[in-house]
Amino acid sequence: MASNSRKNVALDREDVLKLGFAGNVVEKRVTRKDDEVRPWDLETKFQYVGTRVPRFDGLAKATGRAKYTYDVNLPGMLYARFVRTTVAAGTVKEIDLSKALALPGVKAAEQVWDLKNPVRYAGQAVAVVCCETSEQCDDAVRAVKVQYERKPHVVTVEDAIKDDAPQVGNRKNATEPQIGRNAVDVEEIDAALKTAAATVDVTYRTQVQTHTALETHGTVAHFTKDATGAEKLYVWASTQGTFTVREGLCRALKLEANQVEVISEFVGGGFGAKFGADETAIWAARLSKKTGAPVKLMLTRKEEHLCTGNRPDSVQHVRAGCDKDGNLVAWHVRNWGTGGVVPNAGARNPMIYTPRGMKTRKEEFAVLTNCGPQAAMRAPAHPQGAFANEQVVDELAEKLGMDPIAFRLKNDSYKQRPAQYELGKKLIGWERRNPKGGDGPLAGTGARKRGLGVAAATWGVNGGADGTAVAIVISPDGTVEVRNGCQDIGTGTRTLLGLTAGEALGCPKEKIRVRLGHTTDPFGPASGGSVTGPTLSAAGVEAGHAAKLAFLRKLGPKLGVEASSLDVVAGKVTSKDGKSWSWDDACRQLGVESVEITHTRGENFDAGFQGTVGGVQLAEVEVDTETGFVRVIKVVAIQDAGTVINRLTFESQVLGGVIQGISYALYENRWMDRRSGFMLNPNIESYKIAGAADMPEIVTVAFDLANGLNSAGVSGLGEPTVIPTAPAIANAIANATGVRVRELPMTPDRVLAALAAAKGGAK
Amino acid sequence: MKSQDESKEPQPLSRRRFLQGVGIHSVGAVAMATTLPKVALAGEPSVDASALQDPAPNTLGPDAVEVTLQVNGEARKLQVEPRVTLLDALRERLDLTAAKKVCDRGTCGACTVLVDGELRYSCMTLAVECVGSKIETVEGLAPAGQASAVSEAFAQCDALQCGFCTPGFVMTITHHLRNEKSPTLESAKRACQGNLCRCGTYNRVFEAAVLAATKGAGLPSGGGTGAGAGAGLKGGN
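Sequences listed follow chains A and B, in order. Using the working numbering, the first residue of the first sequence is number 853, and each one after it goes up by one. Using the working numbering, the first residue of the second sequence is number 488, and each one after it goes up by one.
Treat the hints loosely; a few may be bogus.
[What the hints assert, rightly or not] With a straight-line Cα cutoff of 25 Å, these simulated PhoX-like cross-link-like pairs (lysine-lysine) come out: (1) K1154/A x K1176/A; (2) K676/B x K1486/A; (3) K676/B x K1540/A; (4) K919/A x K668/B; (5) K1363/A x K897/A.
Rather than coming from a laboratory, the hints here were simulated on the basis of the structure. Bear in mind that the values here come from a model prediction, so they are computed numbers and not experimental data.
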């Protein structure tokens, strides 16, 4: 059994943790200091963790009281807006701000662009205007005259890898291939495929997806002086990383950390694109310094699409094979994708199916194009890879006449997957599935055909100590304030931190107040890689426990009882000799003093039950074979993520992953015009995201698990749930029609084309 | 086509005749500036045709004008250029920031408010158009510090994640429950087709609608269908 990794502390207590899930429970011995909390496991009794708790800020949001960055209005505040390049490649010859500066209400107009730089895509900031009203910004932006020298551009992967393509950066458009770990050479793949009972040789394509957070990127900055006359910068930022914004602004404006306070209590969505001091933060701060007034600089919806990030596309050519029993023997993928003007564009093909002996080879080419830069987007690289991988295994299973779930289980070593599939099959009614696809009672005989599909996903358990600390103040009035400086991007972080700290402290839930989103509070993580949950929940448990000990130490003498004989249980202070005090009565004993602690989170434990999270999704779809229209009827999503702190927000996040997955599968697509180099749909009427009418029945299931990887046993949840939806839908379409659509989004035209090709006998 | 010649005398102007007149006389003026149909025309069965001779009385701008808007039961005086949308007037002039700017072109519904009891995309509505109309925003659904039954239901059902679309959905559902006697998940789903959510919360919004209805959704100022429900909240705006 693995041991606790905190080896450098005095270890005076040993516990045996029960980890895993019903039907697969393992014991793990851990040692800890006497005053450290016992890590949560299957035997921990909870007061409110694991129940359904409406999020603490739900009413603030539903009544409109919640103030997002976009909502911050300060006295005398000015509005700023960028002017952006209108050519996809070339140089900027001249920027004339004079006409803009002459307009009424214009307080500043600044050149952002360095004329020495080449223009690399349409949408780069060249100037910024700052005005008394937002309408005056419209006028001022129009009045800025920019002259360009246009050069040839290229906006698609296919065009960019041609020999005579215009060069986007300083080197060839396509990078040298990145070869995956443990790759064998092509000859070995070929040899393995020769022995295979079934093989596929297919190409899958996925589109560029933009994050489309509803609150655009933006900042309100107020450069002013504090009470001592020292320079002080207050910043409200729509961000996934309050402390990364502070750090970036300190560097850009040469300020000390204590001179910059970043505030981000509510964030209107992030999905991976909102990190650090972006150009809105830096220019809002500079303009505030210049004008002496607070400045609000929010991007427009169009800018949000053009320049704030996106999920790269992919063209994935897969050759794979298995033996007659369904054991995979070879897997070779070559992928091309574009992250626009930045090279990181992998589909990474995260493999769930890695049976012993399988020969693998991955080659990834990142292709530069004259398009806006990619940014991490919810489970970066995974949805692209899964769209191909999860269909390849289905295609192989089909050729063998095997059930696709049985096929997957042959090649998947993840411990909880068999149980997840069993549950999923029951909830979707898998027995209705026609194994052959395209016919049978489920598909029906009319134009509208139904089918069932499945896909799985994996994700790491990330997050750790990373300097995260939590402050807790217990006041004589009984309120418990829990503080951390990180942000809640909509995932329920505020509630998660409050519940974990409150549970460990033992106080009544109603007494918990949580403050997030102020960099004057203890350090917290940036929300990327699904780290926030595991990082903060463990910090919350440990800090809650430390607060309890500090509280009881102070309370003991006041009650005339040994502190060591006191405990807080289910909202009451109890002593070993059977006395008990209500929480409020006990707190009143503090007089005018508060109990205040700041606790720094400990490291993760080195080996828990499983270092990854997993889930399966099953979809039922109806395909209209006359119109090509795909309707998702039902999705079942089963997901493990360690300890479920709040069942209500857990389900919401799974629901969100599925809905974004449906959107990715059927609707979203960034259209680039090859001739002009412009994005044709930088809005949300023609860049389509899933709407109310597109919603199927969605069943979300939390697969409860104790992982023992940190004090709370929590794993990340945000990202894994968006991965398997699109391939599950694609597999269901194939099951309904007998025809495979290998390109995202699976729009009616593509469905009809696939049906027509099948009818015509083409591949 | 005899009507034009029936009488040579100036006659009261119908709305239809007004439009014909615009076509003939003052297209330029109307197109360049903004007409004030609600103030000058909409409430009236007819106006004197002489108004058409000089477009000035019917046009505003481009400079700011003073208008009074009835927002959440209060008369709010403000200076706006005629091009200012109701959304920007609310958010940037009146500090009523519940309605959100997301697409700014009538697609997403985050800016949804009620104007004279009807759903409106405030990003596609000019502030000057709303003079004389009753405007309701989320802030006005319940007295300060309290929550309407619809808002309560959203919080209970966790019908929100980042929450940026939420005020728009709350207005849509409030309108739906005022006008639908027996709301269902399906009817709520239909009602929400003009609102977009990015985090993926739709299904819980439908559930919140049904919960609010079964609780007898408080429809404070709507009167009509929500009588029983709104009782506790009456007096709020």
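Of all the hints numbered above, which does this structure not satisfy? Sort the numbers upward.
Per hint list: 1 and 4 violated.
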